[in-house]
Amino acid sequence: MNWLTNFVLPKIRAVVAKKDVPDNLWHKCPNCGQMLFHRDLEASLFVCGSCGHHLRLAPERRLSMLFDDGRYDAIELPKTVLDPLKFRDRKRYTERLKEAQARTGTGRDALVVAHGTVAGLPTVIAVFDFDFMGGSMGIAVGEGLLAAARLAVLQEAALLVVPASGGARMQEGILSLMQMSRTTLAVEMVKEKGLPYLVLLSDPTTGGVSASFAMLGDITLAEPGAVIGFTGARVIEETIREKLPEGFQRAEYLLDHGMVDMVVPRRELRDTLARLLGLLRRPAPPAQVVALRG
Amino acid sequence: MRHFLDFEKPLAELEGKIEELRHLSNGGDINIADEVARLEAKVDRLLRQTYAKLSPWQKVQLARHPDRPHGSDYIRELIAEFTPLAGDRSFGEDRAILGGIGRFRGRSVVVLAHEKGTDTETRLKHNFGMAKPEGYRKARRLMALAERFGLPLLTFVDTPGAYPGIDAEARGQAEAIARSIEACLQLTVPMIATIIGEGGSGGALALATGNRVLMMEHSVYSVISPEACASIIWRTAENAQDAAEALKLTAQDLLKLGVIDGIVPEPLGGAHRERQPAVAAAGEAIEAALRPLVALDGPSLRQQRREKFLAMGSRGL
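In the order they appear, the protein sequences are chains D and X. With positions in the first sequence counted from 1, the corresponding number in our numbering is that position plus 113. With positions in the second sequence counted from 1, the corresponding number in our numbering is that position plus 9.
Hints may be right or wrong, so weigh each one.
Unchecked claim - In silico lysine-lysine, DSS-like type, Cα no more than 25 Å apart, as pairs:
1) Lys18/X <-> Lys62/X
2) Lys199/D <-> Lys62/X
3) Lys265/X <-> Lys192/D
4) Lys18/X <-> Lys199/D
5) Lys199/D <-> Lys317/X
6) Lys26/X <-> Lys51/X
7) Lys204/D <-> Lys192/D
8) Lys18/X <-> Lys304/D
9) Lys317/X <-> Lys306/D
10) Lys211/D <-> Lys199/D
11) Lys51/X <-> Lys18/X
For the record, the hints were derived by calculation from the structure and aren't laboratory data.
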């Protein structure tokens, strides 16, 4: 701050500050290294124009891509106990949480839950934030998915979950493992009301997240190239001391092995989702329009 | 050959001496009774001292002790007329998880148990207790059998984790585990899970989403092995002891966290020193846990299991 910004009134300061330039106009594709202009990226839904790589998405961007007209309401998730084990490694877990929250600039954990409509049908969508401690699942995420399920039941809405997660959050120890049972329970709540439960597997979906709610969808979609599996590739390589096959644990590999219903490019995602929900939720043929006789 | 952990070595030495004395006395008529009694008292004292303050890492070692009773030991001792049932009906038979039907205290039950094996040959046969998708799919099939005939389900959990391999991934390890957890939650029969040794992550949980979850006194149950945890956050597996400490994976900690319902006391020195009494104690605890559950109807059993897991995580240590 200089004397001028200190001196001028806030409203004027806002005008003065307007010349701020966004500092990340260019993104580098993590797959092919191509420099991508931010406006092009937004137009292409964050798919690399050069190699087709699907970049990871911030939850808000994902939500606005899926809901009708990009409109939705995010709900406040229940507060949960922080650091139940008083976990400490080289750093305290509470510090790691604070750092992650500072980086995402929100007070939340690794899950965002929102409701709105898709193809005019009430839908609840829960999206993981990979930027928050690798999207790892602890009590807050488990509780968030339970809240999403309860909301779907309450609104008689479909539930779509979009995981992007390395797995369970180690720093919550056994309680993070228990989220696998609890989120499976969340899925049950939705299914037993006859409501559709859909999953869109995004990059990455591994560990305890893949081995619970993520693999229990009525219909399971996956994004191209997403890494999906239970054990991480490095651990497998170290255990069996073999080179892993090309494309191992990619969405297309899972499709070939019968583990997902379809791999959907981001551009076709909203239409595919809308079509599926329409088919599941409006099963009756449209009422015949009969012209009234004068 | 008996196997001794590092912290068991002083005990092993004393016990060796006692053995030696006994052997010597067979040769002559030297009176050694006093000396033996003195040494035995010392062993007892040392055992009590050591076991009164076991570190989490020592618990991990005990839980993995090769002489510890395994799944097949629990089945042999506790289940009469045990009849093994094999296969997942879609790919194969996974011997990392034993399954079957038998009688527990006169009552027909379905049993699922991890088996690690006891020597090179059987360890390979049982894949060190690391199940593949077909193991979890067999488990699910047998859960359906229990459901169809209204039989309680008893599980004995002892695994380093689900098998990390190409074939397991190709056949859907994640999906197989998820479905097994789902099947546990849907059961309308009583389900009692007992962690007898190592409760390794999702591979253990797949058989442990029960109405009651018990743990042997020196067993562990964790989201990740201390070695793997250390290599991820400390960037070297050498910090496994610190990780074991931080993960709070002992039966005693898990009881405080409300994750398990009871601890089965083991004989002094651990289940591997007196296998039969250890297994018998588990039998008593299972019977005590099962008795009130068999009185409940199906929907109540399912509801109880749900509420138990929903309540989890509301309190820390």
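So, going through the hints one by one against the coordinates:
1. Lys18/X <-> Lys62/X: holds (16 Å)
2. Lys199/D <-> Lys62/X: holds (21 Å)
3. Lys265/X <-> Lys192/D: holds (21 Å)
4. Lys18/X <-> Lys199/D: violated (33 Å)
5. Lys199/D <-> Lys317/X: holds (23 Å)
6. Lys26/X <-> Lys51/X: It holds: about 12 Å lies between the C-alpha atoms, which stays within 25 Å.
7. Lys204/D <-> Lys192/D: Holds, at roughly 23 Å.
8. Lys18/X <-> Lys304/D: violated (55 Å)
9. Lys317/X <-> Lys306/D: OK: lysine 317/X and lysine 306/D at ~21 Å, within 25 Å.
10. Lys211/D <-> Lys199/D: holds (14 Å)
11. Lys51/X <-> Lys18/X: holds (14 Å)
Comparing the model with each numbered hint stated earlier shows that hints 4, 8 do not hold.
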